[in-house]
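Those sequence lines, one after another, are chains A and B.
The working numbering puts the first residue of the first sequence at 1, with every later residue one more than the last.
The working numbering puts the first residue of the second sequence at 1, with every later residue one more than the last.
Quick caveat, the hints were computed from the structure, so don't treat them as lab data.
One or more hints might be untrue.
Claimed, not checked - Chain A side only, calculated, beta carbon under 8 Å to chain B, not exhaustive:
1. G18
2. R28
3. P71
4. L74
5. G78
6. P113
7. P123
8. A125
9. A142
Stated by the list, open to error - If we take Cβ atoms under 7 Å as the criterion, some of the chain B residues that face chain A in the derived model are:
10. G348
11. N493
12. T496
13. Y577
14. T587
15. I601
16. N658
All residues carry an ideal CB built from backbone N, CA and C; glycine is no exception.
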Amino acid sequence: MKSALLVALAAACAPDLGPPDFLVDRPRVIAVQSVPPEVAPGASAAFHLLAVGPSGPLDVSSAGWAFCTAPLPLTESGTVASACEGTLPQIALGAAPSIATSPDACGLFGSVPSSVARRPRNPDATGGYFQPVRVQVSGATAFAQERLLCPLTQASLSVSLDFQRRYTPNQNPVITAFSGPTEVSAGQQVLLTISWDQGSVETYPVFDPAHLQIVDTAEVMTVSWYATAGTLLQDRSGATGLSATNTWIAPSSGTVFLWAVLHDSRGGLDMASLQATVAQ
Amino acid sequence: MKKATSLALLFCAFGALAQSEPGLEANIEGERKREPAATGIQAAEAKDLAGAHGDAVVAAQMLPGVAREPVGSGQIVVWGAAPNETRLLIDGIEVPALYHGGGLRSVVPTELVRRIDLAPAAFGAQWGRALGGVLDVEIAGPEVTSSRVAVDPLDAHASVTADAGDNQVFAGARYSLLDRILGPVLSETSREVFPLPRYWDAQLVGTVPLREGEKLELLLFGSSDSSLRDVGGSDPSTARGDSSQSRWGRLGLRYKRLLDDGADTTVVAWIGDDLQSAGTFTGPAFANQTSWAQSAGLRAAYRTPLVEGADLTFGADGLFTRAHLRRSGSLATPAREGDVTAFGEPPGVDVAFDDWTVQQSDFALFVQSELTFGAFTLTPGFRFVVIATDVSALFPTGPSSAPIGSSQLEPFAEPRLQVSFRPTDALRLFAAGGLHHQAAAPEDLSAAFGAPSLTSSSALHFTGGASYRALTRMTFETVGYLRLLSDLPTRSNLPTPVLAQAFVQQGTGRSYGAQLVARWQGGGPLSGFVSALISRSERQDQPASATRLFDFDQPLSLTAAASYKWGSNVFGARLRYASGFPRTPVTGSFFDVQQGREEPIFGAQNSERLPAFVALDLSAAHTFDLGAGRSLRVYLEVENATAHENAEEFVYSSDWSNRGVLQGLPPLALLGAELVL
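Isolated chain B, as found in the complex (with noise of 0.2 Å):
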């Protein structure tokens, strides 16, 4: 009955948005604010979409351009780039990871965000690092003296701000209850196959008014995530299982400055701790990996009006890095973008070892103009990068031999240009292009698992398109996008490879679609867009080997969401659609008589894809006004609310003869409340 009633109200609200009713807001920026593709969302209207849980950043994934990610992986694929090329900030802070337990949940509160900013490609010349897009997340100083308390069943959360004198300072901390809740309800099997999430985080942030338009602001953030899935440990032959775990934390300063002149300055510095590690094994066979890095970033940037329709920015960016590493097992595990493996396929047997320290500094000075003439606008900008990498071992190092360190010293100029014409108040054309460089990962510079000499890798980026105002609250948008790869490390194919060569720098890509968006537009109580993604993305990893798809591609996705306000409730709804990621097909099997078990054997790469994703959300909240400024709000929020058995992966039987699939999530319902004093 319920869910009876949440669909009638879906289908009022696409109604209303076809009769144009007056007096509708916005949802997604209809305007390119930052950047020419980028779209971005308000915190305030992301925590009512269904399917973020009430959480602003979650609703990030539903952003146009970005693919629908895999259940539990909460990563960020953005028009054809791997989850590792997207650089993911918190007010110009880097972060490893946006989100919690694979995604379900963020690292910030809602309550701390105005908004999130994507530029999938294209970005001007303050940004770089990123041969993907960028993703920001923008943090909203406190400001109303408030006490907040929240409790689902994915984790409890409180937060308050306050008084501080003539400062403003916010704390808040999230423990997840996920674990504690679902674990005894789930199968073993289930448990077995989707190990929990444990996480925290905790973030301060304190304002500090200078003079007249100068504020600083302290960040502090830290985050943890830990799972771990043990099965059979009885028995040393069989017992098999994983675990992982992340903490980071980055304390920043954020100074910015509004001059009289019309001139305005930004300066971030921040220093942060990560601790990522992750462990799996089957039998005798294991791969482990730890990495403890400790970075530094500092970016400064002036912007002045030069004369009228004119003006400048440049500043400088700087990050650096000092990464030890620790990795022990096979080198296939875990599998990278590019590998032809099956769900459930064992470690390899292989046992290497290497433990290395990178230093790595990338820092660049950038400017970029924005001139105007009548309705064009000309964007040039430049960025002049500089990329530092030690690396402890240039080769294997034994008891015998002192290591050989390796220094690399990397410079590149990177030209961005962006144009825009606006013939009229509603029709608005754009292009861009722009190099971009992404130094090599540190954990790829291990002389045994990856290549030390490895460099960095490039993108080109090219997008162009339109976006036009129609009855003044509706906006449709197009963009169409190239992005060409080059010098991706890739695994050796070399029947011998070259010492401390595991990867070759020889890889290539390319990816382009087209998107389009109509939003609705306006300041009523409904809000909503429909999206649509036709993209294809290439990798090839050798000179000679053929072209593939890449592990991520998904060539249509389809989102459409709305929410409405009615007096004190909020209803929302958004309807999926993705295609399945590409998957190498399981031809055959031998049986490997040492190990004692069947070993598959595959057809051509990513020749076959996991069936369609079709998810229908739906959420209901109600805020009860308590008087005197409180109020308790309460949500319930039905993911996939048809019940459609989505496949989340092939799964195979152990002599691979007979495939089935791993279904997503049934339908899940949330029960919610959030308490404000």
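Looking at chain A on its own, in the form it has when it is part of the complex (with noise of 0.2 Å):
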């Protein structure tokens, strides 16, 4: 018995859909640091963000920032619900203002719903809850989500005892270097490489529902690469250790901007930029 086979498959199925998602081709958020990165509700924390373009880093002066006090949906998929895509009463203006979280925060978007009978918000992976902020500027919209200390509400009373004198509020990972070369020749294969200190990769405890206990459990870091021009071989890297590294392929001439923003996975993050000139 024989079969033969002719298959006159197509090569690919999924389309070409555009420029890279590293690429700067347009005002573009890409960083939003708050300090401290997770705050008890009505709290205060200052965001720094970092907007950039084409031509480089943009003027924030002007950015518009507000928070968001509706709660995602069960009807909604996504991060943010879409109640904070529409018209939001302004709260700050400006680079790195400081904002008060919502005094009910928790009640809003974590742990403590308004009654029993309601239902609670569910945490993320790491067990954390966010109040979503977002900021304006240049057109470009993004949405930044601040940590918020809610009490562990799933667990048994000496579980949830035990998982607050362990837990310690997530702080931003600090980037200690981030290096390449700032005169390169055209089409030339650039190594860039993004570091960060010790402490930066912070291990916290997590409560595991499937199995009723904490878990302590280690960070993992995560880059986000950008370029004005040329072409990086990766949008974001993951890394376990104190580095991460990323090819540049250098663009045909012109002065090019290269940032890295390191993430960590409870929300914190810290940024740095690189400029390199193409030489023809």
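Assemble the dimeric complex from its two separately framed chains, guided by the hints.
Structure follows, in structure tokens:
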């Protein structure tokens, strides 16, 4: 018994859908660092904005800030409620305003609903609850998420107390170096390296609802890479050590801005930039 | 050149059809043998249809009333009903799926199938548990001792029918080859988009003759499907992938006895075991669900003639299911019918967990009588249903609180009525209606992901139409239908939902439409049909929310299929046109700083459609007579012979600003062979 196969499959089914994620070809908000990155409801945090465009960093003095108080309904996917995409009262202006979270943020976005008959929000994989912060600048819109210190309510009292004792609010990671050549030739392949300090990779307890116990977990660091020209081999890269690398292929000419945004698992971040001149 | 030849044959076939040549045989049954609005197809005819890959049950996907399903889904959408609202049966035994690998192959070998019947709505009192339709694959008992081996690019299949004393036994098995053959050929991008399925199935059917007119059949079916897609696995922040696994088995006994007075009795008893699991992840976001279920069913019916022109059928129909489910990850994943989402959207970042058990018994007593008064036939029926549901936890349970279970008992009365009028031998008018219920799905009864308090959903079915036989060979049939749905589970839209009520039972819906079928009847070399379905299906998720299009709404579906037998050759052709399914447009995006990615902003729900689907499929088969009852059948099938670029899904750039389409099958030629010994 024999069979034969005549397959005339097209090479690929997915279409090419335009520029890659790393390319800064329009005004974009690529990072909002909150200091501190995790606060109790009602507490303030300072928000530092990094907005960029094809010509480099943007002037963010006119950035408008708003807190969204609408939780994500079960009828919507994504990370932010569609109600937050509409008109919101602007509460601050500028590059680094200090904004207080909602006093009832753990009720709206967290583990403590207004009534025991109501459903608490689900945490993310790190056990975190977040209040969205919207920023708009130069036509670009972005949402940052301020991590909230909300009590652990799914666990027994003893486990909750143990969790409270062991949990340390998140700190932003700290980039120690973002290195790469500043003068390159056209088409040159350049190795970019970003490093961070040892304290950036924190260990934190998270409640495992499947086994009803607390598990200590180390943060996983993620780097988002951006460039105004050329080609980056990776849009994002992850690392469990203290550094990450990426390869950038220089364009034919011009001055190119490169950025790296370092994220930790719990919503903390740091950012760094590099400027390279391409010789023809 | 080959394509040109096949096209010429297609035109020849339809030319012959138009000229009403004598000796043509029926393809799809013109008479509604079982239900007023039912259609059916004989396995012997179905396997020759282009697009069926020689698999009779696959041909059920092109029955009138069945929407053209998305490629790779294997779902049956009947007259605007969701796939899980239609019951799938093999000889009366409920099964979770009829198809492997997204619908390319069925779980029942063609040599074991006698016919396939689809009752899309308003079926009689002997059937229940379905808001949509009932699709039944009737098994043909093993009769002729033979062996069979078949291979094509999809899979390899072998079966044997043998005498065992006075009994006859059929044993068969199938194993997929698609992943091994296509895997190395496909580009990495294609493998990322379409994970190749891996499957197997096995069957054992034994027939035990008892007294005259009495038969006992043993049926054993098993099926397994799995697929795995893993992209960028070394980097935990960017890795994404998904996996699915489905394994199920059924062991059944079917007893049938025909009595001298014209009465008959049928008893089907079965047990089953199901395992379904699915998971997906993108970076740290994930969603996993596993379900283990044991089930048992019993159906007993007795039909007896009362007086001339009147008979009575009564019986019992029970299904008991015990399901243990475990789910973790985002509530929004997998998406349900009615969810606003876009292809490629990663799972939500929220994490919930639940481990729950559901015991459900659905027991019904039914009675139905067929009363004939001259040209009128009246078939009143009544089904009394009791659904008992036990859920292990009514509220999410913490470590310091004992679970509080929930029990519900729901009795329902389901009246059914069918009327037909035959003023002439050629013309038949009919109408039918009834009330139907379907129990809440165990996966919806989670305290964390659903609502343990959900009860059954209900539907009112109405259908009416006419069939007309012209020129003794041609049958025209038109059917209209209306299906009204209520108490559908939908996601709660409250800003802060009530505890353990992620779903609320406030959804309603309606589907209506008209279907026109022209069939070529007769016993000659040509058989074929043309069907058109015009339909609309809407849902309203909450009383105050706007009515939206059903996710599987397909306003227009046209199918023309024909096969022509010429000596030892059979040529087939199928032409399909189907409106695209509704989709929700992405109108903008914002950057989520924490996730480091753009998130979509959606427009009005289901306010646009995928482009329409058009495809011409061709097939040719030749059977070599090897003597002594042996034969070799070689077949070639070309799907999408005109290379029409069909859009199966909208896909977006990572910033959601550019949109393209994911194209379906390019021209695909399958060459296979079947040896019968």
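Quick rundown of the hints versus the structure:
no.: 1; hint: G18; in the structure: holds (4 Å)
no.: 2; hint: R28; in the structure: holds (7 Å)
no.: 3; hint: P71; in the structure: holds (6 Å)
no.: 4; hint: L74; in the structure: holds (5 Å)
no.: 5; hint: G78; in the structure: holds (5 Å)
no.: 6; hint: P113; in the structure: holds (6 Å)
no.: 7; hint: P123; in the structure: holds (6 Å)
no.: 8; hint: A125; in the structure: holds (5 Å)
no.: 9; hint: A142; in the structure: holds (4 Å)
no.: 10; hint: G348; in the structure: holds (6 Å)
no.: 11; hint: N493; in the structure: holds (5 Å)
no.: 12; hint: T496; in the structure: holds (5 Å)
no.: 13; hint: Y577; in the structure: violated (21 Å)
no.: 14; hint: T587; in the structure: violated (10 Å)
no.: 15; hint: I601; in the structure: holds (6 Å)
no.: 16; hint: N658; in the structure: holds (4 Å)
Checked against the numbered hints above, the structure breaks hints 13 and 14 and satisfies the rest.
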